[in-house]
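6 protein chains.
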Amino acid sequence: MENNKRYQAGLEAMEQLFSHEVRNGMEGMKLISPDLWEMIVSFGFGDLYSRKTLCHAQREIITLTSLITQGAFDQLRVHLQAALNVGLTKEEITEIIIHCAGYVGFPKAVQAMGIAGEIFKETKE
Amino acid sequence: MENNKRYQAGLEAMEQLFSHEVRNGMEGMKLISPDLWEMIVSFGFGDLYSRKTLCHAQREIITLTSLITQGAFDQLRVHLQAALNVGLTKEEITEIIIHCAGYVGFPKAVQAMGIAGEIFKETKE
Amino acid sequence: MENNKRYQAGLEAMEQLFSHEVRNGMEGMKLISPDLWEMIVSFGFGDLYSRKTLCHAQREIITLTSLITQGAFDQLRVHLQAALNVGLTKEEITEIIIHCAGYVGFPKAVQAMGIAGEIFKETKE
Amino acid sequence: MENNKRYQAGLEAMEQLFSHEVRNGMEGMKLISPDLWEMIVSFGFGDLYSRKTLCHAQREIITLTSLITQGAFDQLRVHLQAALNVGLTKEEITEIIIHCAGYVGFPKAVQAMGIAGEIFKETKE
Amino acid sequence: MENNKRYQAGLEAMEQLFSHEVRNGMEGMKLISPDLWEMIVSFGFGDLYSRKTLCHAQREIITLTSLITQGAFDQLRVHLQAALNVGLTKEEITEIIIHCAGYVGFPKAVQAMGIAGEIFKETKE
Amino acid sequence: MENNKRYQAGLEAMEQLFSHEVRNGMEGMKLISPDLWEMIVSFGFGDLYSRKTLCHAQREIITLTSLITQGAFDQLRVHLQAALNVGLTKEEITEIIIHCAGYVGFPKAVQAMGIAGEIFKETKE
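Residue numbers (the working numbering), protein chains in the order written: chain A, 1439 to 1563; chain B, 1439 to 1563; chain C, 1439 to 1563; chain D, 1439 to 1563; chain E, 1439 to 1563; chain F, 1439 to 1563.
It should be emphasised that the hints constitute simulated quantities derived from the structure, not laboratory data. Among these hints, one or two may not hold up.
The list makes no distinction among identical chains, and a pair is therefore deemed to hold if it is satisfied within one copy or across any two copies.
Simulated crosslink set (DSS-like; lysine-lysine; CA at most 25 Å straight-line) [claimed, not checked]: (1) Lys1559 <-> Lys1443; (2) Lys1468 <-> Lys1490; (3) Lys1468 <-> Lys1443; (4) Lys1562 <-> Lys1443; (5) Lys1443 <-> Lys1490.
Predicted, not measured: the structure shown is a model, and the values here were computed from it.
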């Protein structure tokens, strides 16, 4: 697995997106399903995040929006951190969530903003 | 209604996003519900699209992603056109949809790309 | 099947909700799956619409809202007609859709209002 | 902000819907995003809940249904309390959830009824 | 209620699907809404799980997939246990979740796999 | 692209699932986005459908269920045909949809059954 180019590209993208601590948490998946872990890394991060045309910050705009829209709030946490790591500011992230209010309604936007508030507190500069 | 600052801001944003023809089509809403039309213009476009921090192209990234994620394919059509109007390229739009494949699954991404293909044909430069 | 009390209750509820023409269209389901048809009538309409505490108009508020929220726009058509049949007015239906805009976002509310506009035209008094 | 008619209408609606304690909890949003707070109050509650034709109880039927249908169970809690505050009875709320079972399936209805059970216990008269 | 054939069929199906402990937990619903409980047992389990053509293992494939797709992760827990009880293996359950990744995207598949990991640990043979 | 093992596995799976005519239709994606086409074939069909433990018929149970649950009715059409091609019978497919009624509600189940009725007519033996 470790020799695979796609898998390596995925690991590199994950290093830019997530802190060491978060990646350790995510790696727990290897113990449950090594195959799903391989797909997450190779496809989810390798194939997608290493593509050109859109930078990581733009890709995180897409990821955050999709997670908010589908109400995937557990995964939203780590991607809010990733968004900050790749250069989106708190103001930009706040704006993404506000913009979502018109497209998914207030319940999901409100829940997302609450989580963002917690993440922002944890990452106070 | 027409004096309202929020409504005017909405009309201005809509002029940058949509062609005259598309806006005429959207205005059919006035005949069904003038109040919903007022909210669409004032809140949906006025309050959201005239905000700072994110430009219209970034806002269309969010809008497209949310529409694809929720499977709102009828509204996706006009926003694909809007995305091109505010400066997103066909390559960038294609990348947004590809990125969505990992977050919403292939069925919705495939349907979105099919629609994008139709819109791209119609707007061949 | 026809002796079943739940099924009979369902047929009675459907007579109050839907025109003869609409019910004929729905009965096409008998040819595809008689069992699903039985469940639609007995559970969907018999068990639910014949319950006390909420009248049919209130139940149609719930049904319309759920269909709009899940984007089930094909089924929305017959229930918009049902809503009018059980006493909800065009103004009330319009208000239900407007209220949804805040809870599901504008894309689905806009699509629902467009369909309502078509149904209202067809049922011009 | 406080001078704005829409914002004031929103605050008034919120006083009828939510207890002092719940409103205090909701106001935490001001610290994360004052702009989203302004929209929640002005649009979410001001523009929507102060409209005519449907009373607050009917509007809560719509809100509860939409929240259950989209699985927004965190926001469902405060709106179950709001529903009781504006005059919906426990029997009526129970019926709304039961009716949803046919339209969104049993998983979401079951989860909603479990939460309603907790809210009912807390508000034992 | 207890005499009803559909209700009895439902109780029998539930005995095959769920442990005594889980069924006790589910019966808490009787105290909140005896009517919803009756529908869960009679329709949800009686009418559906006692049907022919598909065995319980195949029905659990459908149930697990639908719960993952709609993000109903609370109900997923008891159905992961039910799936093991009716003969699906951990490998088969893992494969169902992996297959879902392509159809609902990675966020929901990842969350489902995490929950499956917890259930598998609890049921270590 | 054509040398890639994953891509070849995907093409082989697609030959078992879809008729020549359907595959031709799907290949239109190559003209819009060759990259998304490569992912559909390599990941969607290659990585997923060539895995062991679950046979194609079981995988189609999952696919159909997920499409119905998310309301992806356009993609449902080709997968209903695929399900028949890999050995699921009309009775089994009908049962899958009926089972979904309890988990996603009747609107989506009814729409799915209507489409199944059309597909069954087209493939009358």
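- Item | Hints violated by the structure (numbers, ascending) | 1 and 4
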